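S.K.: Chains as they are written, first to last, in our numbering: chain E, 76 to 249; chain F, 76 to 249.
Don't take each hint at face value.
[To be verified] With a straight-line cut-off of 25 Å between C-alpha atoms, the simulated BS3-like cross-links for lysine-lysine are:
1) F:K133 <-> E:K178
2) F:K133 <-> E:K228
3) F:K192 <-> F:K133
4) F:K228 <-> E:K133
5) E:K178 <-> F:K228
If you're looking for bench data, these hints aren't it; they were derived computationally from the structure. Values in this document were obtained by computation on a predicted structure and should not be read as measured data.
There are 2 protein chains.
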Amino acid sequence: MKRIAFLLVAVATVAGVVAFTAPASGHADEEAAPISGVTIPPGYRDWRLISVAHEEGKLNDLRAVLGNDVAIRASREGKLPFPDGTIIARLAWSYDPLEESSKAFGHPQTFVAGPPKNGVQFMVKDSRKYASTGGWGFAQFNDGKPADEAVQKTCFPCHETVRARDLVFNHYSP
Amino acid sequence: MKRIAFLLVAVATVAGVVAFTAPASGHADEEAAPISGVTIPPGYRDWRLISVAHEEGKLNDLRAVLGNDVAIRASREGKLPFPDGTIIARLAWSYDPLEESSKAFGHPQTFVAGPPKNGVQFMVKDSRKYASTGGWGFAQFNDGKPADEAVQKTCFPCHETVRARDLVFNHYSP
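Next up, chain E with everything else stripped away, as it sits in the complex (with noise of 0.2 Å):
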């Protein structure tokens, strides 16, 4: 009887897990981006923090990358290449002062994150299906939507710059 209790009590924790899990990003069976395929991976909002970033000029914002189990895992060991399976998601918000720190150090002091901007981005590691773009798919969604092909196009040669990296620019920030 105390089994049965435990496991009762496992199945609980698993369902509640699962629950409290799903409703973060509900975007499964969305369309999928030209050239990779890649689609926006159901529940990414709730992945562990990969690490934080920060880019000037046109893009102006503050980002977080994130990851799925095979990613954190990976990104924690630093072994490269990164194993099939892995996605690595890309955040990014507007870049605005804190109004509170501005008035009280008299100059933008802190900054914190706005509404999202310039959309957001998935790696998806499968080194057969995309051997001819280093292994990794590309893609960026803006508002939910793919981006056009334009766009996709400029992710690869760009994440190339860090080909020793196994394309990946960020490391784990512990």
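Got chain E; can you put chain F on it based on the hints?
M.R.: Quick look at chain F alone, frame taken from chain E:
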């Protein structure tokens, strides 16, 4: 028999999740911070992302704000005050120009997270225990050790400037 098999799969899944989640930040049983008595919550590095930020000036860092499940749920719903049990973690890393990007653009364009910097901070909501500091217990840890009392004393007055947001600076970034 089918039911037992299902239960065993569920147990294995729970065990798997626990086994995979555990090694991230094994800081349990560490020293408590002065004033609040807050200790480093085990596994906080695996928590989900609330938002990101950049501090200029002396702090000069890139930061991520993570939350436990209670914090994530409350942040997404945008309801104030945060419920008891909320824990918010602020991680920070040095603000470093990305070498490849600087070369390509001829000036620093992309800033990425370097080594950890400015400690790790936690806000723990317990409206009774921490009634005298707005319902929050504050703590900063440098290299896994609590910062001294003078540092801990600076948390509450600064966060009090956003009392209308229940002392929390960051919003949830979708």
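S.K.: Hints broken by the structure, by number, lowest first?
M.R.: 2, 4
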